[in-house]
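Student: All chains, please: the whole structure from these sequences, using the hints.
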Amino acid sequence: MSHPKIIVVGGGLAGLSATIKIAEMGGHVDLFSIVPVKRSHSVCAQGGINAAKNLKGEGDSTWQHFDDSIYGGDFLANQPPVKAMCEAAPSIIDLLDRMGVPFNRTPEGLLDFRRFGGTLYNRTAFAGATTGQQLLYALDEQVRRYEAEGKVTKYEAWEFLSAVIDDQRVCQGICAIDLRSMAVKTFPAEAVIIATGGVGAIFGKSTNSVVCTGSAQSALYQQGAYYANGEFIQVHPTCIPGEDKLRLMSESARGEGGRVWVPKQAGDKRDPKSIPEGERWYFLEEWYPKYGNLVPRDIATRAIHKVVYEYHLGLDGQPMVYLDLTHIDRATLDRKLEGILEIYEKFVGDDPRDTPMKIFPGVHYTMGGLWVDFEQRTNIEGLYAAGECEYQYHGANRLGANSLLSCIYAGFVSGPNAVNYARNVIKSGRTPAHHVHDSERKRQEEINAHLLKNDGAENPFLLWRELGETMTKNCTVIRYNKNIRETDAKLVELLERYRHVNLSDRSMWANTSFVFTRQLYNMLQLARVIAQGAAMRDESRGAHYKPDFPERDDANWLKTTKAYFAADADEPRFEFEQVDTSLIKPRPRRYDAAT
Amino acid sequence: MANSKTVIFKIKRQQTPESKPYWEEFELQYRPGMNVTSALMDIAANPVTRQGKPTTPVTYDSNCLEEICGSCAMLINGQAKMACSALVANLKQPITLEPFSKFPIVRDLAVDRSVLFENLKGVKAWVPVDGTYDLGTGPRQSSEMQEEAYPLSNCISCCCCMEACPQFNDKTGFVGAATIAQVRLFNSHPTGKALKTERLKALMGDGGIQECGYAQNCVEICPKELPLTKSIADVGGQVMWQAVKDFFRT
Amino acid sequence: MASSASSIDTSSARIKKGVAPLRAGQGYSFVLRRLHSLSGIVPIGAFLIEHFISNSEASKGVQAYNDQVKFLTSLPFVHVLEWVFIFLPLLYHGIYGLYIWYKGDSNVGEYPWSGNWLYTSQRWTGIIAFIYIAYHVIDLRFLGVHLMGGGYQNAFSKVWFDFQSPWTIAFYVIGIVAASWHFAYGVWLFAAKWGLTTGDNARRKFGYVCTALALVLIGIGLWTITGFVRTPAAQVPWVEHD
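Going down the list, the protein sequences come from chains A, B and C.
Remember, our numbering sits 16 above the position in the first sequence when you count from 1.
Remember, our numbering sits 179 above the position in the second sequence when you count from 1.
Remember, our numbering sits 597 above the position in the third sequence when you count from 1.
Derived by calculation from the structure, the hints in this document are not laboratory data.
From a predicted model like this one, the values you see are computed outputs, not experimental measurements.
The beta carbon of each residue, even a glycine, is placed where N, CA and C say it ideally should be.
Any given hint could turn out to be false.
[What the hints assert, rightly or not] For each label pair, taking beta carbons as the anchor points, the in silico distance ranges come out as:
| hint | chain 1 | residue 1 | chain 2 | residue 2 | range |
| --- | --- | --- | --- | --- | --- |
| 1 | A | ALA347 | C | ALA799 | 20 to 26 Å |
| 2 | A | SER455 | B | LYS189 | 45 to 51 Å |
| 3 | A | ALA100 | B | LYS189 | 31 to 37 Å |
| 4 | A | TYR298 | C | TRP714 | 50 to 56 Å |
| 5 | C | TRP714 | B | LYS199 | 31 to 37 Å |
| 6 | A | GLY283 | C | TYR805 | 53 to 59 Å |
| 7 | B | GLU204 | A | LYS575 | 55 to 61 Å |
| 8 | B | LYS232 | A | ALA347 | 15 to 21 Å |
[Unchecked claim] When the alpha-carbon atoms are kept at most 16 Å apart in a straight line, the in silico EDC-like pairs for lysine to aspartate or glutamate are as follows:
| hint | chain 1 | residue 1 | chain 2 | residue 2 |
| --- | --- | --- | --- | --- |
| 9 | B | LYS191 | B | GLU277 |
| 10 | C | LYS614 | B | GLU277 |
| 11 | A | LYS362 | B | GLU404 |
[What the hints assert, rightly or not] If you only want the chain C side, here are some residues facing chain B, beta carbon under 8 Å, derived:
| hint | residue |
| --- | --- |
| 12 | GLY624 |
| 13 | GLY792 |
| 14 | LEU812 |
Tutor: Structure follows, in structure tokens:
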């Protein structure tokens with residue numbers, strides 16, 4: 017029996033779940049991660065993971081979960097893989113439970129479930145308010161077990177630079193840089209799985225971690241991989257504005273009864289606790305009586321924007337509204353939400369058990385990503401993608417607590433598929449193409465050498481700030497074509513200025529600004545995919561909202577955007593693909609009335 | 180020119196593992212809500228010392244910036260802390276930043292903390308599941324069990340407990356509180372228990388639980404408030420029982 | 598930039614080795630360390646209490662004290678008893694204790710918390726007690742007039758003569774305080790580390806018990822010293838014998 021070697025890039029939930037499946041099937045994994053895998057961005061997920069286990073006597077079903085997900089995603093997702101994911105969800109929860117995830121329990125000792133946005137069912141299993149952390153740790157522990165058995169080799173503090181693609185357009189491995197010695201090396205493998213997460217850094221400040229730059233996806237897009245639905249970026253309605261990042265305030269805060277409101281009187285300076293009920297405006301509850309505070313994220317985000325920017329009712333004139341938990345008793349809050357309440361307490365200094373939290377929407381999740389087929393294959397043979405870095409499961413808007421599920425599920429699909437593919441590669445007797453590895457390494461070394469001796473006046477960190485500002489302003493909650501076109505022009509300008517970037521650090525040991533500057537180039541290229549995709553899509557669907565085109569337009573736009581890189585023109589080109597709606601007929605998506 | 184609107188940072192820097200460390204001072208504009216990581220980002224955007232000398236951005240580990248990934252641990256005013264949750268307003272100035280002193284230096288404020296992951300391997304800190312295929316539901320557990328396990332599972336592997344521990348050093352090779360807490364976590368899990376004996380025997384090895392001097396700095400410094408001393412006491416008892424059993428039965 | 602994949606400048610080669618990972622299941626330090634902990638309680642601690650109580654007879658006068666010494670020195674197999682239950686355990690506890698002291702690094706400067714102060718105090722009271730006990734045993738057991746056999750009649754006097762120097766008295770006070778504290782906190786540590794007091798509450802409550810133990814021992818010790826110091830020279834006999 018052959019032992020296929022598979023490279024997994026990224027050690028979050030998707031990468032680790034793929035790794036576990038591969039190791040279990042007898043393959044060997046080279047696992048690459050910028051940070052130690054236990055520090056991956058998946059730890060930030062708070063609220064929970066969805067699975068229709070129907071343990072609350074509500075008549076929930078995997079079909080209902082599937083329907084909620086498709087409807088929540090505004091019918092843009094291909095339906096068969098989403099259905100398969102929802103059907104696999106209960107067994108995934110069981111597996112995680114067996115792996116020791118400390119899920120919250122009912123008095124009988126069964127898994128407890130809570131309600132999340134975009135559904136009327138208690139379908140979200142949770143471990144306090146740090147579910148992502150607990151899930152990641154469970155998978156990390158299993159991977160450590162395989163590492164101890166010699167089935168997994170970790171390359172932590174290595175960053176993916178590019179795929180090694182042979183003359184037949186087949187992926188034969190990757191090229192990566194050691195983030196300490198700055199050495200560039202290629203690694204052969206029969207198959208490669210990319211699991212590199214979201215692209216939040218393109219928007220400057222977001223809820224994402226520092227490593228979530230989308231650099232790997234962008235590099236692959238520039239190497240010929242399709243990038244799908246890039247324009248769909250989820251802006252989470254409830255974040256804590258911060259100096260260095262926007263910290264998420266989980267949807268579970270609303271799931272446990274948190275209420276969003278503003279004082280009816282603009283500029284009301286009173287202590288929020290002293291404002292009587294009658295003088296508060298619970299606008300989500302008023303506008304969406306059925307779902308109330310638990311409308312999907314895009315809806316809540318736009319509502320908050322409207323209250324702040326159209327009604328000018330932001331707290332103290334600032335772009336912020338209250339998220340209020342103070343009516344819930346402390347013991348319940350501590351038991352179910354302690355982790356996220358601590359975050360607020362630590363970073364703001366107020367106790368959310370006593371004072372309503374001040375929150376505002378922030379860039380949170382990348383629905384789009386590398387295009388993959390139902391087997392998680394990209395259009396480059398031998399190259400798979402799983403998790404937030406691919407586009408498959410969330411359509412135009414992701415439901416809360418579906419991301420942890422989609423990451424693990426996509427890992428579980430991609431891993432075995434990659435093993436089967438790799439076995440065939442071995443059977444076919446393919447020999448590693450050394451010259452392809454050599455030339456890819458040389459190409460990357462030349463980029464590095466050029467960057468190091470580049471002499472200009474542009475500071476990469478300041479370029480990044482400009483990128484973040486223009487993208488956040490024009491390509492997030494509310495989009496106007498004129499502004500998006502300005503943004504794309506700005507991106508062209510930034511790419512031009514990037515050619516004059518000047519590294520203040522030219523040393524060749526643990527040079528973080530060098531690495532960041534390389535990422536920045538990829539961010540700029542991918543930003544154009546997002547901006548141009550948004551400019552083209554003249555409709556409103558899910559997270560993509562254009563006031564000039566306020567309705568969903570299924571006749572023209574019920575299709576997947578596929579961007580590919582035109583190397584000669586140094587810009588994206590677009591194709592469109594029909595969406596597989598074979599299971600649920602698209603219907604209008606309305607949360608303000610019965611559906 | 181120091182005034183109430185600026186903050187002074189003194190940062191211990193070191194170019195490579197072999198080179199000599201040196202100090203640099205930076206004066207930054209203060210903004211409400213400023214934390215140490217945002218200050219380091221400001222320096223990266225404008226790497227000039229207080230004396231006006233151009234320098235390089237500071238190398239440090241960071242990722243989530245919300246104290247859940249465990250990356251950005253460093254010595255802030257001499258104590259092990261997470262840089263992201265260290266609000267400038269709560270710190271005495273000038274603020275000194277140094278790398279952890281007990282871990283091999285990579286560069287500037289970045290150190291190599293892989294020893295913790297090795298230790299977790301050494302004590303088999305995992306639940307030995309049969310496989311990832313569908314084997315039905317997990318063992319039933321009471322809310323009380325979940326409430327015992329959950330705080331232990333919150334360990335972010337930042338290594339603050341090890342840095343602050345007077346017993347954690349080259350001479351003892353002490354395993355540290357974080358790993359012992361994980362032994363307690365997995366020994367209490369209905370399935371994880373299967374490896375209990377192996378874990379306890381591992382912890383009896385050199386550098387094991389016996390090196391604890393009970394200074395209790397671990398439990399004071401832990402940013403996630405893990406019950407570390409309770410875990411050491413609890414696992415200490417388990418180890419003793421194991422030792423007694425081994426002595427009389429083998 | 599490395600020019601070829603084969604001559605990679607691996608980062609692991611340049612980063613220095615840090616604290617070693619756990620040597621799972623290897624070595625004997627567990628047994629030695631637990632033996633150290635145990636030897637501090639029994640027999641050393643038990644003897645310490647006995648010794649404090651016996652010596653406190655000094656406060657009742659010369660005769661009472663000498664009678665107590667007579668009783669102890671006339672125990673059967675007294676040499677075996679003192680070597681097996683006192684000297685060898687003391688030597689082990691002291692020497693291995695020095696090794697433990699050497700391996701630890703006090704850091705109360707950076708982390709000035711009560712537990713850390715106690716840790717540091719245990720290190721230094723251990724050193725003081727070691728020096729004190731070494732002096733005390735050599736001076737009173739192995740040097741000068743021997744107290745075994747008929748020598749017990751000079752027991753009180755031997756100590757009394759020592760106490761003519763205020764420096765000796767000061768040294769005894771320091772030694773007794775250090776040994777008492779070291780023992781009492783050692784009992785607390787024993788309970789915590791052997792898993793007897795796992796709960797925070799249990800440890801706190803047992804802390805009060807051990808504090809009381811320390812204070813009682815210090816009290817008895819100091820009271821014993823005053824027993825010698827209060828006795829006028831005229832009452833102190835000296836019996837010559839061969």
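Student: Output the indices of the hints that this structure fails to meet, ascending.
Tutor: Per hint list: 3, 8, 10 and 14 violated.
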